Amino acid sequence: MTRHPMLKYLKEKGPAGPRMPTIMCPGCGAGQVLNYTLHAVDEIIHNDGTRKEDFVFISGVGCSARLTSHYLNFDSGWTIHGRSLPIATGALLANPSLKIVVFTGDGDAMAIGGNHFIHTCRRNLDVTILCINNGLYGMTGGQVAPTTPTGTATATTPYGNMEEAFDLCKMAETSGASYVARWTTAHPRQTIKSIKKGIGKKGTAFIEILSQCPIHMKTPPVEMLRDFKANTVSINKSRGHGEDKILIGEFCHMERPEWTEKYQKILEQFD
Amino acid sequence: MNRLSINPDYCKGCLICVDACPGKAIGASDRVNPKGYTLPAERDMQQCNGCKLCEIVCPDFAIAVEIEEEKS
Amino acid sequence: MAGPSEKNLLKPGVYYLQGNQACAEGAITAGCRVYAGYPITPASEIMEHAALRLPQVGGRFIQMEDEISSASVLLGASWAGAKAMTATSSPGFSLMQEVISFAIMTETPLVIVDVQRPGPGQGYITTSQEDVMQARWGHHGEGSIIALSPASVQEMFDFTIEAFNLAEQWRTPVLVMAEETVAHMREPLTIPPQDQIKVVNRKKPQDLGISPEEFLPYGHAMVPPMANWGEGYNVNHVSLVHHEDGNVTKYNRDIHLDSVSRIQQKIEGNTDHIARVETRFLEGCRHLVICYGSVSRTAVEAVMEARQERGIDLAFLRLVTLWPFPEKKLREIVRDVDTVFVPEMNLGMMKHPITEALRDRCNRIVPIPTLGALHSPEMILSKIYEELK
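Chains as they are written, first to last, in this note's numbering: chain A, 70 to 340; chain B, 102 to 173; chain C, -18 to 370.
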């Protein structure tokens, strides 16, 4: 039997027993994002000499966070709700050569962790943030999130969400991230390419991946993926058309000095 | 011909692989795993172009494509 | 992480420093190379000094957006191999409780300094001992911490080094429960030669010959060896109830009880090794003053004066370590006394574990509470005279 090529990066079992299959619900986009991420990491390890032990994966709390939990055969931390970015900051300050990838969700990144998200982008710390945006709180039972579309009924908006949704990419770009992109789980190859670029970028890379929660949205995963394709338009092709659609693509790709690089100049004064 | 390998312990029957396949090489089978999930299966492997999209989009690392060695 | 840059450490000698500066110097001497913080009176001078000094020794300083993120930085820094510290004052200490709980469960060595100020709320910006219970019981869930109580500028230096040593030795968060009094005090600080300063580093699986394949991130010993990120040990840090190998799927109550009990017992079960007390005139004494932190400075004066001026058979006992609480030690050295006075800059907090420890060893316990300022010796004396007349 041929094994999935990315299983080499996962801890399928250990002394205390099996760790897989994953905890994710059937058709959950989070598992797809893990698969895309490992494909990107695999290419980096094979092509540019980055060592496997240089990678660190950090997450907070929520469905997205379960990607690190205990599956990854990498250094990783499944940490505190909203605090994955300060924890990544600490790791980077201790060892700036680490390639830090943060898995976060829309609630983890932009509600409880919103302040840290803004300041991480502002400092342009060398972290790749992969935000799995399913538009609600999945782990806790489908409550409204800052990214839930207006009008949507959720567990805590039984009369429909009356608030406006956050545009995470605009927030990342405005706050100073060096690389900002949005894709969906229905765009595997683009997402993989984008994650590779993000990890290669010295500075904050923010990649939002719109993802399906088939359970709480009560919609089959395949149908949700088709909707992602139908309801998105590439930023390169939009040109004012299709404004009722969600823009996907690279919004920002620039060179800005990174935090630890700037700090290095201070350190060199005392060599 | 390429071959598919499906891990019935990991598969959760979402069938995203079936929808992603550009050639309709994969289909839903009538096999159900012990948890009750419908497993995908090879449907018409003549149509498999080896793109591995099924492998890439699988949320559960449950499907793998074995590419037939090219005969020299 | 680069090793300590020896040349920019403070040279051995006598300095005249503020307590907060001595604390930051102690951290640097102990090997602290990541500092994250958020300004708050009366703790800010620690971060200001860290900002100045850390790059001089090859470390990194960052001012974070709040106390929550400041404490969180320590987790990542510690896992990536650095010794890391933050300092705050009481309202900020409240915000750090979640990280303390998480650090207990993930067995992460880190140091948090709380320069206590009065509460509740914004309270005031003077001195206090009102967080001594929060230090032990503020975090959610079970598990124990270590808390030290410095009483001088010298101890702000010495105890910060000790805090790092204890954190590394026991894989646990360690709290330096300072007070504004000692933080803003200026007095001589003696820096001994570097080779006379004890610096402890965490035990690593590499030191014990444990390969990545054999490595259990929460196993092998009462205090598990700790691999740093970046060393190929594929460490998953998890705070959900976990097995020795970090597996979280196979929950069972026995594992839960065993793992959390171990985390508790590695501290509480080693109280005799960890906790220290200081005593004077204790042998066969009739009455006793028990105190800690800067209160011990005025309390010892009060004890001397009561003995000299009125001939009262009064002894002095200082809790150097607040937590784990040295109950056994206290019961060993205090056998049969009449009155125990407990002056504290709160309305009576450590009075409770003291009462529990001395339940059958004294006739009565008399708290001497105050808020917002250090007791004068006269204040302590007047209570003693009133009670013993």
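Quick caveat, the hints were computed from the structure, so don't treat them as lab data. All figures in this text were calculated on a predicted structure; none of them were measured in a lab. For each residue, glycine too, the CB sits at the ideal point set by N, CA and C. Treat the hints loosely; a few may be bogus.
If you anchor each label on the Cβ, the simulated ranges turn out as follows [as the list claims (entries may be wrong)]: (1) C:S75 with A:K314: 56 to 62 Å; (2) B:K125 with C:L76: 42 to 48 Å; (3) A:T119 with C:E259: 36 to 42 Å; (4) C:Q246 with B:K136: 50 to 56 Å.
Under 7 Å between C-beta atoms, here's a sample of chain C residues computed to sit facing chain A [as the list claims (entries may be wrong)]: (5) G12; (6) Q37; (7) R41; (8) Q44; (9) E46; (10) A58; (11) H201; (12) P205; (13) P206; (14) W210; (15) N228; (16) T230.
These are the hints, each one checked on the structure:
1. C:S75 with A:K314: 56 to 62 Å: violated (46 Å)
2. B:K125 with C:L76: 42 to 48 Å: violated (56 Å)
3. A:T119 with C:E259: 36 to 42 Å: Given a distance of about 53 Å, which is not inside 36 to 42 Å, the answer is violated.
4. C:Q246 with B:K136: 50 to 56 Å: Violated - the Cβ-Cβ distance for Q246 of chain C and K136 of chain B, about 40 Å, lies outside 50 to 56 Å.
5. G12: For G12 of chain C, the interface hint is violated, since the closest Cβ of chain A sits about 12 Å away, which is over 7 Å.
6. Q37: Interface hint status for Q37 of chain C: holds (5 Å vs cutoff 7 Å).
7. R41: Result: holds, 4 Å to nearest chain A Cβ.
8. Q44: violated (10 Å)
9. E46: holds (5 Å)
10. A58: Where the cut-off is 7 Å and the nearest Cβ of chain A is about 4 Å from A58 of chain C, the hint holds.
11. H201: Since chain A brings no Cβ nearer than about 12 Å to H201 of chain C, farther than 7 Å, the hint is violated.
12. P205: For P205 of chain C, the interface hint is violated, since the closest Cβ of chain A sits about 14 Å away, which is over 7 Å.
13. P206: violated (15 Å)
14. W210: With a minimum Cβ separation of about 4 Å from chain A (threshold 7 Å), the hint on W210 of chain C holds.
15. N228: Because about 4 Å separates N228 of chain C from the closest Cβ in chain A, which is inside the 7 Å limit, the hint holds.
16. T230: Holds. Min distance 6 Å.
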